[in-house]
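Visitor: The chain contents come next:
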Amino acid sequence: MLSREENELLTRTGQGTAAGEYFRRFWLPALLSSEVPDPDCPPVRVRLMGEDLIAFRDTRGRVGLIDEFCPHRLASLFWGRNEECGLRCVYHGWKFDVDGVCVDMPNEPPEYGFQNRVRTAAYPTREYGGMVWVYMGPPAPTPELPKLEWARVPEAHRYISKRFQETNYLQAIEGGIDSSHSNSLHASVEAFRGTGEFLAKVQASTSMRTKYHWMDRSPRFTVKKTDYGLVIAVRRNAEADTYYWRMTQFLLPSHTMIPYQKGHSIHGHCWVPRDDQTCWVWTISWNPEEPLSQEDRESISNETFVHAKVDPVTFRPVRNKENNYGIDREVQRTTTMTGIHGFAAQDQALQESMGAVVDRTRERLGTSDTAIIATRRLLLQEMRALAQGQEPEAAHRGEVYWVRSCSLLLNREVEFDEGARELMKGEV
Amino acid sequence: MIAHLEISTDFEHLIYRESELDAIWSISGFVLKYGPAADRKSLVRLHECAHVAHDLVVDGRPREAAEILDRAYNHLSAQV
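Sequence order for the protein chains is Y and G. The working numbering puts the first residue of the first sequence at 1, with every later residue one more than the last. The working numbering puts the first residue of the second sequence at 1, with every later residue one more than the last.
There may be inaccurate statements among the hints.
Subject to a maximum C-alpha distance of 25 Å in a straight line, what follows is the list of computed SDA-like cross-link-like pairs (lysine to any residue) [claimed, not checked]:
(1) 225(Y) - 6(G)
(2) 33(G) - 364(Y)
(3) 309(Y) - 164(Y)
(4) 211(Y) - 181(Y)
(5) 224(Y) - 59(G)
(6) 225(Y) - 423(Y)
(7) 224(Y) - 60(G)
(8) 225(Y) - 81(Y)
(9) 224(Y) - 386(Y)
(10) 33(G) - 354(Y)
(11) 224(Y) - 33(G)
(12) 224(Y) - 1(G)
(13) 225(Y) - 45(G)
(14) 225(Y) - 33(G)
(15) 211(Y) - 336(Y)
(16) 425(Y) - 396(Y)
(17) 224(Y) - 6(G)
(18) 309(Y) - 297(Y)
(19) 225(Y) - 23(G)
(20) 225(Y) - 7(G)
(21) 262(Y) - 408(Y)
(22) 425(Y) - 220(Y)
(23) 224(Y) - 4(G)
(24) 225(Y) - 63(G)
(25) 33(G) - 359(Y)
(26) 224(Y) - 7(G)
(27) 224(Y) - 45(G)
(28) 225(Y) - 9(G)
(29) 201(Y) - 182(Y)
(30) 33(G) - 367(Y)
(31) 211(Y) - 334(Y)
(32) 33(G) - 358(Y)
(33) 225(Y) - 55(G)
(34) 224(Y) - 13(G)
(35) 162(Y) - 363(Y)
(36) 321(Y) - 277(Y)
(37) 33(G) - 45(G)
(38) 162(Y) - 341(Y)
Everything labelled a hint here was simulated from the structure, so no lab data went into it. It should be emphasised that the depicted structure is a prediction, and the values quoted were computed from it without experimental measurement.
Please model the entire structure based on the sequences and the hints provided.
Guide: In structure tokens, the structure reads:
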């Protein structure tokens, strides 16, 4: 349970708010590099942290992220001409470079020096891991980019998708770390019912997740605070002398990693506030050792797991609330718990159904919500510390992000953090 | 729970205590809303104590939360 004040503190992300200031202390994914593929290509709109921005790649290949609205008469620079190292507002011809400096102002007499005094808001950007990252905080101290493993692998080893979700960022994160929902929301009907036939089938599976997920439906949650955020360890009974452990990382301010099994690809998310009512969901799949397999690519294109097909301009998923996420009630009756295709759409349907900013004073939590409680408390601690002048440490230590999720069988006497230490290290 | 609260110090400990108090508050709340009418007074007290204890844990004061629960437990035991 959260108080109204705590819920407001966590979910309001505009300039000057606690969460807004906190997020602005980190480098944040802003857009795919491929959205501005070439020098002088068309600019694109980017709404982030409640601010309307325009991204453009200038003649020298640098990416600018500046206020969408020209400071002169507030016309949108989306209509602007991207030309000769600057974006020119087509209304009166004012032109700005990637640093927000006005480099041309043809409608004012040069002797007034007006041009030299005009700037527009511009944020520093970096290209890293197939994305353009932005830093929207105070000029110093500038944070380090997080050394996330997926950002360091060759491009063929990685797939990134971006989608628009109509909820506050926190609701989306809470879905990402809530391991117990997968036994219901993402389950088939026969798995959920745990029929004898189904259990006999999964017993023979080589996938630990398939095999052990269904043998113990009431997992035990353990959380541990780390340099990067939290590791959330979920324990299920496996064989007589072993537990099946699944470790999810929550990395400040809003990255998560899905437990992976060695030999398979790894998946993760980053959830970035678009404004208080909507967020950007970044989904990343990567293989540290080799290019993504044909099977991985098929899973992505068939939307069977974490990626969703989206409109190429708005990034709104093709399955969305306007079409009830394509729910098929016959499939729901006979085959899957939701009748909605793909994990991403299933998550989005349920999270959006809670309203844009869920009223957390009305929740009734239980012990399976430990990870959610821990994440909220950690974020509140961090945000309050920043308000007292204490900068977030993780933002300045990129190397702490060099970790990986994992899942494994451990002898019942072994502590999870001891048994999984090597597997949880990033390698690339 | 009282014994655990008395020795809880770390971030992780307090998270477990908070989740347990959340569970007590949720369950007692459901019973109050939809359960049988008998013994409502005791349930109301438990529900309220769980809330107060929860907020004390959130505030980093688990020992005071233990005292609140201990008093409620003694009171409820005397009723039985």
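Visitor: Could you work out which earlier hints the structure fails to respect and list their numbers in ascending sequence?
Guide: Of the numbered hints given earlier, those the structure breaks are 8, 11, 13, 14, 27, 35, listed in rising order.
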